[in-house]
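**Student:** So the chains spell out like this:
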Amino acid sequence: MLQLVVDDRLAHVLSILPDWVGQALSALDPLERAKVEEIRISQGQPLTVSICGEDRFPTSKGASCSPAGGLVVERRHLESVLDAVTNSSVYALEEAMNEGYFSLPGGHRVGIAGQPRVLHGEVRGFGHIAGLTIRINRPVPGAGLPVLPMLLRPGGTIHSTLILSPPGCGKTTLLRDLVRLLSEGRRELGLRPHRVGVADERSEIAGSHLGVPQNDLGPRTDVIDACPKALAIPMLVRAWRPDVIATDEIGHPGDARAAAEARSAGVVLLCTAHGDSLKEARRRPSLRPLLDGGAFGRIVLLSRREGPGTVEAVQKGAEEA
Amino acid sequence: MRWIGALAIVLSSALLGHLAARERERKVRDLESLLVGLNLLETEIVYGLTVLPVAMERAARGAPGAAALFGTAANVLRQGRGIEEAWRAGVRALESRSALGPEDLSAVAHLAGSLGLSSASDQSRHLGLARRKVETRLAAEQGRLPEAARLARALGLCGGLAAAVLLV
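If you're matching them up, the sequences are chains A and B in order.
Heads up: the first sequence begins at 1 in the numbering used here, then just goes up one per residue.
Heads up: the second sequence begins at 1001 in the numbering used here, then just goes up one per residue.
There may be inaccurate statements among the hints.
[Stated by the list, open to error] Residues of chain B clear of chain A, computed beta-carbon distances all greater than 10 Å:
#1 Leu-1040
#2 Gly-1080
#3 Arg-1097
[Stated by the list, open to error] Ranges between beta-carbon positions, derived for each pair:
#4 A/Val-72 - B/Ser-1124: 33 to 43 Å
#5 A/Val-123 - B/Arg-1125: 50 to 60 Å
#6 B/Arg-1132 - A/Ser-277: 37 to 47 Å
#7 A/Arg-238 - B/Glu-1085: 25 to 35 Å
#8 A/Arg-288 - B/Leu-1049: 53 to 63 Å
#9 A/Asp-276 - B/Arg-1125: 37 to 47 Å
#10 A/Gly-53 - B/Gly-1101: 56 to 66 Å
#11 B/Arg-1097 - A/Arg-76: 26 to 36 Å
#12 B/Glu-1085 - A/Gly-114: 37 to 47 Å
#13 B/His-1018 - A/Ala-11: 36 to 46 Å
#14 A/Leu-145 - B/Glu-1085: 21 to 31 Å
#15 A/Arg-187 - B/Glu-1085: 29 to 39 Å
Just so you know, these hints were derived from the structure itself, not from any lab.
As the structure is a prediction and not an experimental result, all values here were calculated from the model.
Ideal Cβ positions, reconstructed from N, Cα and C, are used throughout, including at glycine.
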């Protein structure tokens, strides 16, 4: 289980949100605040925070386990949050919103619920937004240390690795710390420093603001921020000659193609994907060519069994020499 | 003494006429500047996908004559107040610091309900509509300007002369 660092990332999120959210959450005690994973703001529903995977409903007397007495979110509440998180600039997030979520400065993710406009089978913005879920980005330095020895290979480098888990199990947190560790190197483990390129399409790994990473990713890491992975990965390979390319949530066939090309160029991959198991991941048309083609030498399976970041298994992949 | 008084009346009246003409000219310049600002804002939104506070700051720098509108709106947005309130504050600031009146700014004021809240193509349509209305207003003012300015100056001078003749 990952150890949460008691920093108040929540304060950063609250500084972006309208005052009423901060006032509603002021009843939480400092330990609870440090463990808030999500804030859910849905019209007609009580304001909800998720703490260690369990829902709590802020009331004037603290965080209650029951929705009764919680602050019910009205339309004006939701609009004020939308105005704040989009910087009054919905158009600037249009592309990301078509995926159902976007990122805030600092890498916090905002998921959107409501009624999307669908044109020719593709989402073209949201006609009505009914709810927002803000997932707090909280780096956990050291999260990668238990896993790292199992990823090492001779020569002071690592196997190409895929981190698999259902949502909310700490994939991005683990990936972020592995990037930092690879970039710094670990002499005691025989790991040499690596040049790492990060294709950070949703700004969740580096938490970039105006292109500048806000999270510590090590001294030899270059980030291409807010750019589709299928475009960012070839750019990194051509321009930065990285030893390792890290990217989050490989899902589209274009992402997988770009990753496979980088792998064939001799770059080590460090990727995450949604999935309960390797078997399930193999069923996905975009992942199967990567998995069967030997792109990954190690598969890390995560769960929330003992809290986010529980390492269930590290399996051998079919990596080619 | 009477002659000096008459001369003062003529000069004052001519000056008033001149100031009235300058106000008409200033209105045209302010409309031109507003148009430049709206163009810049549209470019930042549609092609740069720049967030509104930054886009407005850039529009304020590029269109000094309409800086009160864009600069004030950007400041209010930075304080965390909504776009509607920010834009209305900007329109009020421009109205108080320029030669433009409510009728000149009505099309721009209407943007308060739509700015920033939809896709880039929608934003382009809203801004384009406001811009066309400002262009129409500008064309009308420019058409009237030479005659109106001449008339104001002539009326000022003639009015002063008439008053002076009566006095002397």
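**Student:** A separate judgement is required for each hint: does it hold in the structure or not?
**Tutor:** Here's how the hints hold up against the structure:
no.	hint	verdict
1	Leu-1040	holds (15 Å)
2	Gly-1080	violated (7 Å)
3	Arg-1097	holds (23 Å)
4	A/Val-72 - B/Ser-1124: 33 to 43 Å	holds (37 Å)
5	A/Val-123 - B/Arg-1125: 50 to 60 Å	violated (20 Å)
6	B/Arg-1132 - A/Ser-277: 37 to 47 Å	violated (59 Å)
7	A/Arg-238 - B/Glu-1085: 25 to 35 Å	violated (47 Å)
8	A/Arg-288 - B/Leu-1049: 53 to 63 Å	violated (35 Å)
9	A/Asp-276 - B/Arg-1125: 37 to 47 Å	holds (45 Å)
10	A/Gly-53 - B/Gly-1101: 56 to 66 Å	holds (59 Å)
11	B/Arg-1097 - A/Arg-76: 26 to 36 Å	holds (32 Å)
12	B/Glu-1085 - A/Gly-114: 37 to 47 Å	violated (24 Å)
13	B/His-1018 - A/Ala-11: 36 to 46 Å	violated (59 Å)
14	A/Leu-145 - B/Glu-1085: 21 to 31 Å	violated (49 Å)
15	A/Arg-187 - B/Glu-1085: 29 to 39 Å	violated (57 Å)
Hints 2, 5, 6, 7, 8, 12, 13, 14, 15 from the list above are not met by this structure, while the remaining hints are.
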